[in-house]
Amino acid sequence: GQNIDQPTEMTATEGAIVQINCTYQTSGFNGLFWYQQHAGEAPTFLSYNVLDGLEEKGRFSSFLSRSKGYSYLLLKELQMKDSASYLCAVRDGDYKLSFGAGTTVTVRA
Amino acid sequence: NAGVTQTPKFHILKIGQSMTLQCTQDMNHNYMYWYRQDPGMGLKLIYYSVGAGITDKGEVPNGYNVSRSTTEDFPLRLELAAPSQTSVYFCASSMQENTEAFFGQGTRLTVV
Chain Z
12 GQNIDQPTEM TATEGAIVQI NCTYQTSGFN GLFWYQQHAG EAPTFLSYNV
62 LDGLEEKGRF SSFLSRSKGY SYLLLKELQM KDSASYLCAV RDGDYKLSFG
112 AGTTVTVRA
Chain B
-14 NAGVTQTPKF HILKIGQSMT LQCTQDMNHN YMYWYRQDPG MGLKLIYYSV
36 GAGITDKGEV PNGYNVSRST TEDFPLRLEL AAPSQTSVYF CASSMQENTE
86 AFFGQGTRLT VV
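Those protein sequence lines, which keep their order, are chains Z and B. Residue 12 is where the first sequence starts when you use my numbering, and the numbers rise one by one after that. Residue -14 is where the second sequence starts when you use my numbering, and the numbers rise one by one after that.
Simulated from the structure, these hints should not be mistaken for lab results. There could be a bad hint or two in this list.
As the list claims (entries may be wrong) - Here are the in silico distance ranges between beta carbons for each label pair:
#, chain 1, residue 1, chain 2, residue 2, range
1, B, Gly38, Z, Arg70, 26 to 32 Å
2, B, Gly38, Z, Phe40, 22 to 28 Å
3, Z, Val61, B, Glu44, 19 to 25 Å
4, B, Lys(-6), Z, Lys79, 38 to 44 Å
5, B, Pro68, Z, Thr22, 31 to 37 Å
6, Z, Ile28, B, Thr55, 41 to 47 Å
All C-beta atoms, glycine included, are put in the ideal place defined by N, C-alpha and C.
Let the hints inform the model, and build the full structure from the sequences given.
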């Protein structure tokens, strides 16, 4: 099976930076994804990493270290609309796409 | 652009009844997935498919069945519904293993 761990909750101030960590153990590896999910809505795609290193997309960046089974999502210049759940997902060697339990980020004014 | 379409959006089912949740995508995606999400929790994989005619179990397949007779459709069948199957069900699809999955808007199912 898969083990994907991320913190349950994080709180940060508007304009600040927050880093959400994700560790995983899988049978094989075919990529790591980050999704955003607002309450009552479907998840939406944020980023994809399959090689080690940093991927930057505007205010959001994601990092991967395959040897450590570790990723993080960095949210910069936080806005109130960034208050949401952030889901780490890993595609294993059998192409199963499994999700962590999600990290609820609350942005305070 | 329809994307991934799930029906129904809401449903109340009685204990012991059966029903099929429909999922269809118009993007010619090979990979399709069914997840359930309980309140305040993450997504748990029920079943997935890497192409027409191929299905595999995920983490929580008990009480569910799927079929993939066409590329477009991936219905999820609940047999003998139980209160523990009350959840929000999401269907998703992706073109390949290295592309993101797109989600439908979910089906909110209550078993009473």
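Comparing the hints with the structure gives:
no.	hint	in the structure
1	B:Gly38 <-> Z:Arg70: 26 to 32 Å	violated, 42 Å
2	B:Gly38 <-> Z:Phe40: 22 to 28 Å	holds, 26 Å
3	Z:Val61 <-> B:Glu44: 19 to 25 Å	holds, 22 Å
4	B:Lys(-6) <-> Z:Lys79: 38 to 44 Å	holds, 41 Å
5	B:Pro68 <-> Z:Thr22: 31 to 37 Å	holds, 34 Å
6	Z:Ile28 <-> B:Thr55: 41 to 47 Å	holds, 46 Å
Checked against the numbered hints listed earlier, the structure breaks hint 1 alone; every other hint is satisfied.
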